[in-house]
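Produce the complete structure using the sequences and hints provided.
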Amino acid sequence: MTECLIPVIGVVTDIRIDTPDVKTFRVVTPDGKKAFEHKPGQCAMLSIPGVGEAMFSITSSPTNTEFMEFSIKKCGCLTTWLHAMEVGQQVTIRGPYGNPFPVDTTFKGKDLLFIAGGIGLAPLRSVINYVRHYRDQYGKVDIVYGSRSMDDLVDYKEIIDEWMTTEGVNVHLTIDREQEGWDGHVGFVPNYVKELGFDVNKTAIICGPPIMIKFTLAGLQELGFNKTQVFTTMELRMKCGVGKCGRCNIGNKYVCKDGPVFRCDQLDELPNEY
Amino acid sequence: MQVNNEFKPTIVAFCCNWCSYAGADLAGTNRAAYPADVKIIRVPCSCRVNPMFILRAFQRGADGVILCGCHPGDCHYTSGNYYARRRMTMLFSMLDYLGIERERTRVEWVSAAEGAKFAATMNEFVATVTKLGENKRLEDLRCKN
Amino acid sequence: MQELMKKRAVELLSTGNVDRVIGWKRGEFAYDCTPAVFTDAKDLWENFVYDDFSAPNLSKYLVAECKKGGKMAVFLKPCDTYSFNQLQKEHRIKRELIYVIGIECNGKADVDKIKVKGVDGIIGIATEGANFVVETIYGNETMPKYEVMAERCLTCKSKKHMVYDELIGETGDVNPDSGRFDMVAKLEAMTPDERFAFWRGELSRCIRCNACRNVCPACTCEQCVFDNPNSGIQQKVAVTSFEENMFHIIRAYHVAGRCTDCGECSRVCPQSIPLHLLNRKFIKDMNELYGEYQAGEDTTSRAPLTNYTLDDCEPSIVHERGGKA
Amino acid sequence: MKKIALSKLNDFFAAIAAEEKLYLPVDGEKGADYKLWEEGVTYSRALNTNRSAKDFFFPQTENIVDFKREGKTIEVIDTRTETEDFVVFGVRACDARSFTILDKVFLVDPVDSFYAARRAHGTIVTVACTRPGETCFCGAFGIDMTAPEGDVSTWIAEDALWLTANTQKGEALLAKVASLTEEGDTSAVDAQKEAVKEIAKKLPLQNLPTEAFKGNVLLEKFNSAKWPELSKACLGCGTCTFVCPTCQCYDIFDFDTGHGIKRARCWDSCMYSDFTKMAHGNSRNSQVERFRQRFMHKLVYFPMNNGGEFGCVGCGRCLSKCPINMNIVKVMKSLGGDAE
Numbered sequence: 000m001t002e003c004l005i006p007v008i009g010v011v012t013d014i015r016i017d018t019p020d021v022k023t024f025r026v027v028t029p030d031g032k033k034a035f036e037h038k039p040g041q042c043a044m045l046s047i048p049g050v051g052e053a054m055f056s057i058t059s060s061p062t063n064t065e066f067m068e069f070s071i072k073k074c075g076c077l078t079t080w081l082h083a084m085e086v087g088q089q090v091t092i093r094g095p096y097g098n099p100f101p102v103d104t105t106f107k108g109k110d111l112l113f114i115a116g117g118i119g120l121a122p123l124r125s126v127i128n129y130v131r132h133y134r135d136q137y138g139k140v141d142i143v144y145g146s147r148s149m150d151d152l153v154d155y156k157e158i159i160d161e162w163m164t165t166e167g168v169n170v171h172l173t174i175d176r177e178q179e180g181w182d183g184h185v186g187f188v189p190n191y192v193k194e195l196g197f198d199v200n201k202t203a204i205i206c207g208p209p210i211m212i213k214f215t216l217a218g219l220q221e222l223g224f225n226k227t228q229v230f231t232t233m234e235l236r237m238k239c240g241v242g243k244c245g246r247c248n249i250g251n252k253y254v255c256k257d258g259p260v261f262r263c264d265q266l267d268e269l270p271n272e273y
Numbered sequence: 000m001q002v003n004n005e006f007k008p009t010i011v012a013f014c015c016n017w018c019s020y021a022g023a024d025l026a027g028t029n030r031a032a033y034p035a036d037v038k039i040i041r042v043p044c045s046c047r048v049n050p051m052f053i054l055r056a057f058q059r060g061a062d063g064v065i066l067c068g069c070h071p072g073d074c075h076y077t078s079g080n081y082y083a084r085r086r087m088t089m090l091f092s093m094l095d096y097l098g099i100e101r102e103r104t105r106v107e108w109v110s111a112a113e114g115a116k117f118a119a120t121m122n123e124f125v126a127t128v129t130k131l132g133e134n135k136r137l138e139d140l141r142c143k144n
Numbered sequence: 000m001q002e003l004m005k006k007r008a009v010e011l012l013s014t015g016n017v018d019r020v021i022g023w024k025r026g027e028f029a030y031d032c033t034p035a036v037f038t039d040a041k042d043l044w045e046n047f048v049y050d051d052f053s054a055p056n057l058s059k060y061l062v063a064e065c066k067k068g069g070k071m072a073v074f075l076k077p078c079d080t081y082s083f084n085q086l087q088k089e090h091r092i093k094r095e096l097i098y099v100i101g102i103e104c105n106g107k108a109d110v111d112k113i114k115v116k117g118v119d120g121i122i123g124i125a126t127e128g129a130n131f132v133v134e135t136i137y138g139n140e141t142m143p144k145y146e147v148m149a150e151r152c153l154t155c156k157s158k159k160h161m162v163y164d165e166l167i168g169e170t171g172d173v174n175p176d177s178g179r180f181d182m183v184a185k186l187e188a189m190t191p192d193e194r195f196a197f198w199r200g201e202l203s204r205c206i207r208c209n210a211c212r213n214v215c216p217a218c219t220c221e222q223c224v225f226d227n228p229n230s231g232i233q234q235k236v237a238v239t240s241f242e243e244n245m246f247h248i249i250r251a252y253h254v255a256g257r258c259t260d261c262g263e264c265s266r267v268c269p270q271s272i273p274l275h276l277l278n279r280k281f282i283k284d285m286n287e288l289y290g291e292y293q294a295g296e297d298t299t300s301r302a303p304l305t306n307y308t309l310d311d312c313e314p315s316i317v318h319e320r321g322g323k324a
Numbered sequence: 000m001k002k003i004a005l006s007k008l009n010d011f012f013a014a015i016a017a018e019e020k021l022y023l024p025v026d027g028e029k030g031a032d033y034k035l036w037e038e039g040v041t042y043s044r045a046l047n048t049n050r051s052a053k054d055f056f057f058p059q060t061e062n063i064v065d066f067k068r069e070g071k072t073i074e075v076i077d078t079r080t081e082t083e084d085f086v087v088f089g090v091r092a093c094d095a096r097s098f099t100i101l102d103k104v105f106l107v108d109p110v111d112s113f114y115a116a117r118r119a120h121g122t123i124v125t126v127a128c129t130r131p132g133e134t135c136f137c138g139a140f141g142i143d144m145t146a147p148e149g150d151v152s153t154w155i156a157e158d159a160l161w162l163t164a165n166t167q168k169g170e171a172l173l174a175k176v177a178s179l180t181e182e183g184d185t186s187a188v189d190a191q192k193e194a195v196k197e198i199a200k201k202l203p204l205q206n207l208p209t210e211a212f213k214g215n216v217l218l219e220k221f222n223s224a225k226w227p228e229l230s231k232a233c234l235g236c237g238t239c240t241f242v243c244p245t246c247q248c249y250d251i252f253d254f255d256t257g258h259g260i261k262r263a264r265c266w267d268s269c270m271y272s273d274f275t276k277m278a279h280g281n282s283r284n285s286q287v288e289r290f291r292q293r294f295m296h297k298l299v300y301f302p303m304n305n306g307g308e309f310g311c312v313g314c315g316r317c318l319s320k321c322p323i324n325m326n327i328v329k330v331m332k333s334l335g336g337d338a339e
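Chains as they are written, first to last, in numbering that gives the first Met the number 0: chain A, 0 to 273; chain B, 0 to 144; chain C, 0 to 324; chain D, 0 to 339.
Please keep in mind that the hints were generated in silico from the structure rather than gathered at the bench.
Any given hint could turn out to be false.
To be verified - Footprint (simulated), chain D over chain C, 3 or more residues, beta carbon under 8 Å: (1) 19-28; (2) 31-42; (3) 112-126; (4) 207-213; (5) 221-234; (6) 264-274.
Everything numeric in this text was worked out from a predicted model, so none of it was measured.
Glycine residues also receive a C-beta, built at the ideal position from the N, C-alpha and C atoms.
This is the structure:
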């Protein structure tokens, strides 16, 4: 019998330094394949035995058939360890967990508006790249991405070289404060979204710090968006990843199983405990 | 760990940096022999040793634990070893109360000049613990091979 | 007694001398009560309870309550006043915010002792002289109170209040012949093998619910060593017998010299482990080796483990003194 | 219905124990607990055990997997072994129902293979209650203490143990002891059931109302103003969770043995402050929130996800074990009256 709590081995084949505190790790199985297939927005449990295990968004698109990528911000015990490791290090991996973004249903044919702040781009990156891959199946794509500073923009190179050059994809970057060498927009994401004033027939996907999500959602509602058009992705402490260990619940929903993707109106029916 | 059925105990010796560690050093320089199974852990002062350290040593496979510090009155920090003395007395008494062999724990005051005493103490302690055999009552099975 | 206490508490609340009263609230059955903070005189009048089952020591709740500010009154039994002093000594509570009402205590009953007698389906408990009349759905049972008194009360060290602002009922005397160390002495007289077997039998029942720690008025660390994931010790499970021993040694050790022997740890243990025997061992040892000391007797003295003399005994005394080897 | 004279009970246990491990409640100094049966062990007719029977299927701690780390490589070592067959005798109706509840967590996809293996290998023999106590409120959750579930249900009436198998596993067990049993008519059992039902009517909590927790009451109950008051005295210990037959939350932790890493899981309690603690914060920072989580889970979240079945079986352990006597009954009575 297979056991969902027993992981497999993954090998880190590439480490990219994105920002001073974010690195992107490329992971494959020891025989060089993808550990498992996933859908955009799903997560996986990465672990270093003896250090810890935690849930991370899979940031590479499912359309990538060679490897998986994880963009990880250094903030705790395990992530500090991960940041210190070198190429060739093995980790353990299990998944995929959680429900994906409805890329094949609700999102089909729609104009999409991605709004991300800081490391919040990580879970959206797989969706964005998935949508770029199946470009003809979706409408216009707008991406609003903001960070503390220029140096804190994750995937900056990919944004400039690939996203900005894709037809029908508009990228709007912003940083919190003026900075030398930056001639783009300066200001917080929620305000920038309002300034840009998007058309209300779009479907919005938000991820970022809780406070950013809160104000951006309010901003979108001011613009006339309905909560049913807005999706977000959550994170709470998880141990099992399969809805059994009992801690990542918001009301009767488990983030690891029923989430992490929620439509904003669904969250209204749940207690405010996240 | 048994080799040829001959039991060789693992001993952890916490040695204070100022006296006992120097004493152990002197024992080495003087080529005073004591068993290699004594693992020395240097601590800044005997009172740095928390009761948990002693227990953890047993958990991790020690068969006997000995704490060495400066002679009372000679503490580099004036009073550290006086506190250590009370603490260890209480801890050893509690271990004894729980039925754990009292001979597995010991405190000895060894000055920097007492290389010979250090070696003699260790030899004696190793002999005592060897007689007792493996630590069974305060072992953690997970840590056994 | 209960009526006097209620009257006084309502008075204190309604005159605004205090804005809350910490006491016990009536529970579901005749024998249970829950510590409660009353802010409303009517609620207090209806639900306050003080009887033979009002066992919880309320002094630890003061730590949290003091952080909120405001004046409060608290009812303390003699043994609770020791904990109170100890908390004050450790600067965990603010004396000036607290109005201590010392209350007389003649020992508390332990419902488990009633149940162990095979009495189930308890729907009422009445007092008749020195007896309890326990009303059950299977009929009434009469039993002497002392038979079902909690162990800690049978060996009560003191009926004297160490601190109070006002007293309801009488304060009693310290009882040096409580016999509270008898069981410890009995264990000491056993062989190490017998002691080991005894403690394995007791400690192996532990489910690591941490109730003993959480209820302990001396356990007021902001973060417990067992809650520190980097300590390498399991917080909520004893995987091996080593961890069972470790937890109980360290728990008792951390309160050694500060433990007033209030007995809450043994009272709350869902597995009925006699944890007080560990604490009492430390107290007995310290009394014998470093001179008589009773934690909580005052608010200034230094505890044995934060003190020393130049001619203390050597740890080898453990090897040398009596007791079988 | 089959029956065995009580005088032959020891032979009955011996016959089962000859083939597989048999556990049953045994009286100790401080109440009854499940123990392995061996010659000389006497079955306790105590109302309930200190610890629940969930231990047999979901033990307090178990090893999940071992690892070896060397340089940059990691080796995964599956340490699972074949589970042996075992029988648990003397489970009460409340604990028997708890397995149905645990099944709804552990046996839904993805199946927890540790739990599933034990479920597959364990046979549960229940015993009907004859002397319920004041802390029993199984009736509130539709559990009939006189007709316990399980693979085999039994009744101790007059001078015999009456048995009936409910499942294939149960029939297999009865087949093994067939030589000891004889057919008997059910009148003694029926009479006992009636008598116990009469006793149950006198119990104060058997008819505890649960209506207030049915339907879509999630936000109403969650936002109730009564939680701070109810949780005020809570010590934040894990007693209620650990004695509860249905509490199933667990933690996973690594232990470095010095020559490898053991990854194990253990019971966890939502009452503990580190339950939801993350590197960047805690979603349930106060004891009020943690206390609320436990009762909301049992009374609202679990029923919402499982067709209205409550996550409590009314065994009454938390009532008698809570250090400060705060319990689910008080919560239900208090919140049941909420008309906000």
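Going down the list of hints, with the structure as the test:
no.	hint	result
1	19-28	holds (count 3)
2	31-42	holds (count 6)
3	112-126	holds (count 6)
4	207-213	holds (count 6)
5	221-234	holds (count 5)
6	264-274	holds (count 5)
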